[in-house]
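> Construct the complete structure from the given sequences, taking the supplied hints into account.
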Amino acid sequence: LVLIGGNEDKQSGKLLLREVAERAAGGKLVVATIASEIPLENWELYRDIFLELGVQEVRHLNITGRECTFSPSHIELIRGANAVFFTGGDQSAITSKIGGTPLFLEVEKLYEAGGVVAGTSAGAAAMSAVMITAGTGDEEHSHKDAFVTLPGLGFLPDVMIDQHFAQRKRIMRLLGAVAQNPRFLGIGIDEDTGIVVKDNCFHVAGSGSVYIFDAGEMTASNTADSSDAPLSLYNMKLHVLNCRDQFSLITRRPLTLQPSRA
Amino acid sequence: MSADPKGTVIIIGGHEDREGEMLILRKVAAHVKDGRLVITTVASHKPDGMYEIYAKIFHDFGVKTVDLEINSRAEAMEPGNVDKLNGCSAVFFTGGDQLKITSQIGDTPIFSRLREIFFTGGLVAGTSAGASVVCETMLVSGPSEESHRSSEGLKMAPGLGLFKDAIVDQHFSERGRFGRLVGAVAHNPRNLGVGLDEDTAIVIQKDKSLYVVGSGAVYLLDARFVKQSNIDDEEDNKTLSIFNITTHVLAQGDSFQLSERKPVAGSPEKIRKGLLNGSHRNGTKRRAKHRAA
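Chains A and B are the protein sequences, given in the same order. For the first sequence, the positions run 84 to 345 when our numbering is used. For the second sequence, the positions run 4 to 296 when our numbering is used.
Hints in this document: simulated from the structure, not taken from any laboratory. Where is the CB? At the ideal position from N, CA and C, for every residue including glycine. Treat the hints with care, as some may be off.
[Stated by the list, open to error] Between beta-carbon pairs, the in silico distance windows are: (1) Leu338(A) / Lys211(B): 33 to 43 Å; (2) Pro185(A) / Arg275(B): 52 to 62 Å; (3) Lys67(B) / Gly218(A): 36 to 46 Å; (4) Lys211(B) / Arg336(A): 29 to 39 Å; (5) Cys284(A) / Ser144(B): 35 to 45 Å; (6) Glu195(A) / Glu139(B): 48 to 58 Å; (7) Lys49(B) / Arg142(A): 56 to 66 Å; (8) Asp241(A) / Arg275(B): 31 to 41 Å; (9) Arg130(A) / Arg21(B): 47 to 57 Å; (10) Gly23(B) / Ser156(A): 58 to 68 Å.
[What the hints assert, rightly or not] If you want a taste of the chain A side facing chain B, the calculated C-beta under 7 Å gives, among others: (11) Phe238; (12) Lys252; (13) Gly291; (14) Leu314; (15) Ser315; (16) His322; (17) Leu324; (18) Asn325; (19) Gln329; (20) Leu332.
[Unchecked claim] If you want the footprint, here are the derived chain B segments under chain A, 3+ residues with CB under 8 Å: (21) 82-92; (22) 105-117; (23) 176-189; (24) 221-233.
So, in structure tokens, the structure goes:
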């Protein structure tokens with residue numbers, strides 16, 4: 084699983100897309116533009132990059148409506164691929180169009196067989212069991228109604244992802260979402276930053292930070308209050324990780340890969 | 004003079020409500036007690052009209068105000084300006100640039116009088132830049148809405164020293180300043196990181212506890228238990244890495260014990276009703292009652 088916080092470098096080092104490309108290597112990579120309002124432009128952009136990064140075969144999964152996901156040709160597209168990459172846009176477009184369909188079962192099979200499922204922006208947000216999306220309240224004023232949580236694709240259980248984290252000032256909505264059920268770990272991913280998840284552990288890649296909110300020791304929150312008060316919660320643990328760090332989803336502990344002093 | 008603060012600090016994350024219920028400005032008015040309130044626009048580049056806006060609101064709350072406009076260090080030395088603080092029990096700093104405040108009044112007679120007011124039980128209040136400035140070390144500027152990198156222009160400077168062991172940032176969620184506050188706290192985890200949303204204030208009493216008034220949230224970052232960070236790495240452009248910061252988000256009604264660094268829940272509605280029922284005379288009443296008993 085490779086999850087990117089959006090706006091990844093597409094010009095110079097292409098570090099994050101390289102993480103995806105290297106894992107797809109000599110096989111077939113499918114670019115899924117389901118979340119996007121401009122699927123063709125997105126497809127062409129990523130096709131060129133992935134081909135340039137040495138992926139042997141790059142194909143386009145263009146899903147315009149839910150009925151497409153039952154078509155054998157689309158299912159055939161996933162079959163035999165060793166990577167699927169979800170582009171950005173609207174995460175609820177992804178879940179509402181492919182959730183529970185034969186196509187989605189095919190993506191799950193690919194993942195279980197050791198294939199790569201990757202996404203950027205909305206494509207990353209949709210991967211967790213519960214995903215966060217915009218609500219009705221003022222996001223910039225720590226308002227409890229600023230976000231809603233919806234069921235995601237479930238590749239990453241017990242985790243909630245928010246992307247464009249620092250850039251779109253999303254601290255409150257991730258904190259608020261985690262407070263709703265502290266069983267979930269909150270992961271905020273900055274732009275041009277990603278996490279590569281394998282065997283219940285992930286490492287950080289890219290130029291920015293990843294913020295982990297662990298509410299395991301949270302002592303109080305006003306999440307369940309009906310009032311439209313701003314958020315209040317006590318004792319949330321925070322880790323800020325960079326590209327030298329990794330994190331265990333089992334022990335919920337961070338660790339540094341290399342000694343930080345070179 | 005004792006170094007123990009006897010006064011109250013009220014700091015606001017900027018853009019406090021000046022038209023609706025004005026809970027925060029009511030709170031400031033409530034702490035002025037019997038003396039006058041100095042409103043100083045020293046942080047401002049263009050103070051025109053700023054004093055008048057605040058003065059009108061405070062007059063409506065029954066508070067007498069004094070206009071202290073300072074545009075240079077020389078003006079901060081002028082006896083005429085220093086005398087304006089006579090008979091005052093509270094000082095309010097409007098927004099602007101926190102460095103203008105410290106560079107113009109630091110170690111001047113105005114600053115001595117300000118400390119006198121504070122250490123004899125008075126109030127020092129400020130909004131936006133006027134909030135950052137009360138710390139021992141104040142956050143001046145730094146990048147926002149991006150990942151925090153240790154080499155990228157986080158600027159701090161010595162502040163007024165009225166709120167110890169804390170670093171304050173304002174317009175907090177509105178301007179995406181989370182990363183830079185974490186970075187500022189990482190420099191010396193002894194300091195509690197305090198992020199104030201707009202229209203949100205904390206009332207700090209005698210350096211012991213604080214409580215929240217206003218419509219947004221207050222983010223507290225406690226880095227005492229941090230065991231590892233890369234803040235002192237010599238490498239350039241290092242993206243921040245730091246583990247184990249305890250985070251609290253407080254809303255109106257919540258309070259916080261500064262010595263034990265412990266949040267305590269309270270009632271937001273009680274604070275609102277107290278302020279709307281004109282309890283800015285509450286302090287006086289309570290004292291009177293105490294005497295009677």
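> For each hint, tell me whether it holds in the structure or not.
Against the structure, the hints come out as follows:
no., hint, in the structure
1, Leu338(A) / Lys211(B): 33 to 43 Å, "holds, 37 Å"
2, Pro185(A) / Arg275(B): 52 to 62 Å, "holds, 55 Å"
3, Lys67(B) / Gly218(A): 36 to 46 Å, "holds, 45 Å"
4, Lys211(B) / Arg336(A): 29 to 39 Å, "holds, 34 Å"
5, Cys284(A) / Ser144(B): 35 to 45 Å, "holds, 38 Å"
6, Glu195(A) / Glu139(B): 48 to 58 Å, "holds, 56 Å"
7, Lys49(B) / Arg142(A): 56 to 66 Å, "holds, 60 Å"
8, Asp241(A) / Arg275(B): 31 to 41 Å, "holds, 38 Å"
9, Arg130(A) / Arg21(B): 47 to 57 Å, "holds, 54 Å"
10, Gly23(B) / Ser156(A): 58 to 68 Å, "holds, 59 Å"
11, Phe238, "violated, 25 Å"
12, Lys252, "holds, 4 Å"
13, Gly291, "holds, 3 Å"
14, Leu314, "holds, 5 Å"
15, Ser315, "holds, 4 Å"
16, His322, "holds, 5 Å"
17, Leu324, "holds, 6 Å"
18, Asn325, "holds, 4 Å"
19, Gln329, "violated, 11 Å"
20, Leu332, "violated, 15 Å"
21, 82-92, "violated (count 0)"
22, 105-117, "violated (count 0)"
23, 176-189, "holds (count 7)"
24, 221-233, "holds (count 4)"
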